[in-house]
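These are the residues of each chain, in order.
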Amino acid sequence: MVPEHLTIAEAARLIESRELSPVELTESRLDRISRLDGRLNSFIRVLAEDARKEARAAEAEIAAGRYRGPLHGVPIGLKDIYETAGVPTTGHSKVMQDHVPKADAFSVKRLRAAGAVVVGKLATHEFAFGGPSFDLPWPPARNPWNTDCFTGGSSSGTGAAVAAGLVLGGTGSDTGGSIRGPSAYCGLAGIKPTYGLISRMGILPLGFSLDHAGPMAWTAEDCAIMLQAMAGHDPADPASAKVQIPDYRAGLQGGVKGLRIGLIRHFYERDNEANAATRQAIDAAARKYAELGCTVRDVTVAPLEQWSACGVTIMLSESYAIHEDNLKRRFTDYGEIFRDRMALAGLITAADYIQALRRRRELVAELDRAMADLDLVMTAAAPSEAPPIDAVPKFGTLALPSLTMPFNVTGSPAMSVCCGYTGTGLPLSFQIVGKRFADATVLRAAHAYEQATEWRNRRPQL
Amino acid sequence: MTRAELDAAFARLGLDVPDRERDECAGAAHYIAELVARLRLPGGRSVAAEPAHVVKFPEG
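Protein chains in written order, with my numbering: chain D, 1 to 462; chain A, 1 to 60.
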């Protein structure tokens with residue numbers, strides 16, 4: 001009997017020691033999807049036969065002594081903006097519902113090369129921006145902790161599927177918080193790595209200069225395993241960095257004693273006021289880091305609305321440019337939320353965009369200065385637990401400054417870490433952020449916190 | 001932004017926005033004006049303050 005919930009690391013240990021068969025594990029996830037996903041809508045497309053074939057191949061390879069590593073034979077899901085050869089990649093939109101790519105995205109190739117079994121394509125907000133929408137060809141994903149609640153977005157299906165144990169890990173993308181938001185609301189670990197660490201080749205874009213690909217999983221260790229497979233230089237992506245990729249999983253060890261953490265308290269206490277449960281949970285997390293031997297002190301940077309204005313202006317301008325032609329020709333083929341946000345994006349001028357790019361340079365320098373004598377900063381990942389799914393405003397991105405956007409503006413590695421639950425059982429999270437290309441430090445800090453607390457022992461009851 | 005101004009902007013952009021949605025967009029257009037106003041610093045910037053992501057040619 002395969003356990004209902006397994007982390008990637010736990011499954012890998014059992015698969016490597018041949019106590020768990022990739023075929024059994026994959027079948028158990030397909031069974032779980034067929035029993036539970038009717039309530040969650042986390043999958044757009046289940047690739048059952050392909051997954052079985054990949055699982056059998058993994059099993060045969062492992063039996064022959066060719067074990068590839070901790071993703072070998074592990075079922076994962078792909079946000080449906082990651083292109084897959086011969087399998088539709090829709091962006092959860094009518095506009096691209098017949099789009100069948102010829103090749104896998106670079107990062108998908110990497111995950112397959114590591115032996116991952118792709119179980120299916122996961123729901124997203126339309127083109128990673130418009131949602132939750134009820135007027136698209138597929139319904140929006142639901143939060144497994146309470147199906148009346150929002151998953152966060154845009155990597156909504158990944159958030160729901162991983163939390164529910166339908167897959168052990170999945171891919172997300174993050175232009176203004178689309179990995180960290182759903183990770184926070186669904187209680188996952190999700191890292192937006194440094195800009196350029198994972199190739200964006202073959203991933204439908206939202207905002208070229210802000211788009212980050214990354215993993216979402218149950219633990220920081222699982223994120224490290226997935227990031228190891230996904231990271232690496234790709235000459236086909238002009239933003240891809242040529243850097244040495246460290247051993248992220250080995251880097252988890254050693255604890256956090258001596259790390260210097262800055263707490264950006266004004267982001268969630270003044271600029272976008274978080275509720276009491278969130279503030280208390282973050283305070284407790286900061287105290288835990290102090291107990292673990294870190295120094296934690298408050299740090300002040302520009303008000304959140306400055307970071308958000310910069311990032312949102314860039315995101316809207318770049319996404320409008322990407323969709324301009326289809327918006328003119330097929331406006332009502334898009335869902336109402338996406339198209340109306342884009343209609344407003346059309347009001348931004350070229351001068352506004354250039355001012356945002358100039359502001360970006362200033363803000364990057366400002367965070368660098370603030371972090372000169374720090375290793376990490378932490379702040380809220382979201383201002384509250386998940387709200388009801390029918391209470392998400394169409395123009396919410398514009399009305400309140402985003403807590404996650406600052407680190408898209410700077411390209412810094414940033415991660416959501418679960419730090420408790422509300423009285424009604426919904427997850428709470430904080431965000432931990434490192435210097436560019438210090439992704440290993442972020443993962444190590446998240447891992448140390450998870451090991452020192454009990455939050456990873458709780459799963460949604462479905 | 002008035003509804004008439006918004007209608008003119010959408011016409012210039014070539015967007016066929018349904019009538020009902022135009023009223024909502026008109027009600028939210030102030031967010032864009034506020035957003036882009038925050039990008040301008042009081043007193044302005046040096047003319048030499050270049051944007052991020054200026055072109056960088058390969059070395060060698």
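Treat each hint with caution, since some may be false.
Pairs of lysine-lysine residues, derived as DSS-like cross-links and limited to a Cα-Cα distance of at most 30 Å, are as follows [unchecked claim]:
1) K102/D with K257/D
2) K394/D with K94/D
3) K56/A with K94/D
4) K257/D with K94/D
5) K435/D with K328/D
6) K435/D with K109/D
7) K102/D with K53/D
8) K56/A with K257/D
9) K242/D with K56/A
Read the hints as simulated data drawn from the structure, not as lab findings. Just so it is clear, the structure is predicted and the values come from calculations on it, not from any experiment.
For a C-alpha distance cap of 30 Å, please report whether K435/D and K328/D respect it. Violated: K435/D and K328/D sit about 40 Å apart, past 30 Å.
Within 30 Å, alpha carbon to alpha carbon, are K56/A and K257/D? violated (39 Å)
CA of K394/D to CA of K94/D, is that 30 Å or under? Since the Cα atoms of K394/D and K94/D sit roughly 19 Å apart, the hinted pair holds (cutoff 30 Å).
Hey, K242/D versus K56/A, does the alpha-carbon distance stay inside 30 Å? Status holds; Cα separation ~15 Å.
Given the proposed pairing of K257/D with K94/D, does the C-alpha separation stay at or below 30 Å? violated (51 Å)
Quick one, are K435/D and K109/D close enough, alpha carbons at most 30 Å? Roughly 28 Å separates the two Cα atoms, so the pair holds.
K102/D paired with K53/D [C-alpha distance capped at 30 Å]: holds (20 Å)
Does K94/D sit within 30 Å of K56/A, going by the straight-line distance between their CA atoms? Violated. K56/A to K94/D sits at ~37 Å, over the 30 Å cutoff.
With the threshold set at 30 Å, check whether the alpha-carbon distance from K102/D to K257/D stays at or below it. At roughly 48 Å apart (the allowed maximum being 30 Å), K257/D and K102/D break the hint.
Of the numbered hints listed earlier, those contradicted by the structure are 1, 3, 4, 5, 8.
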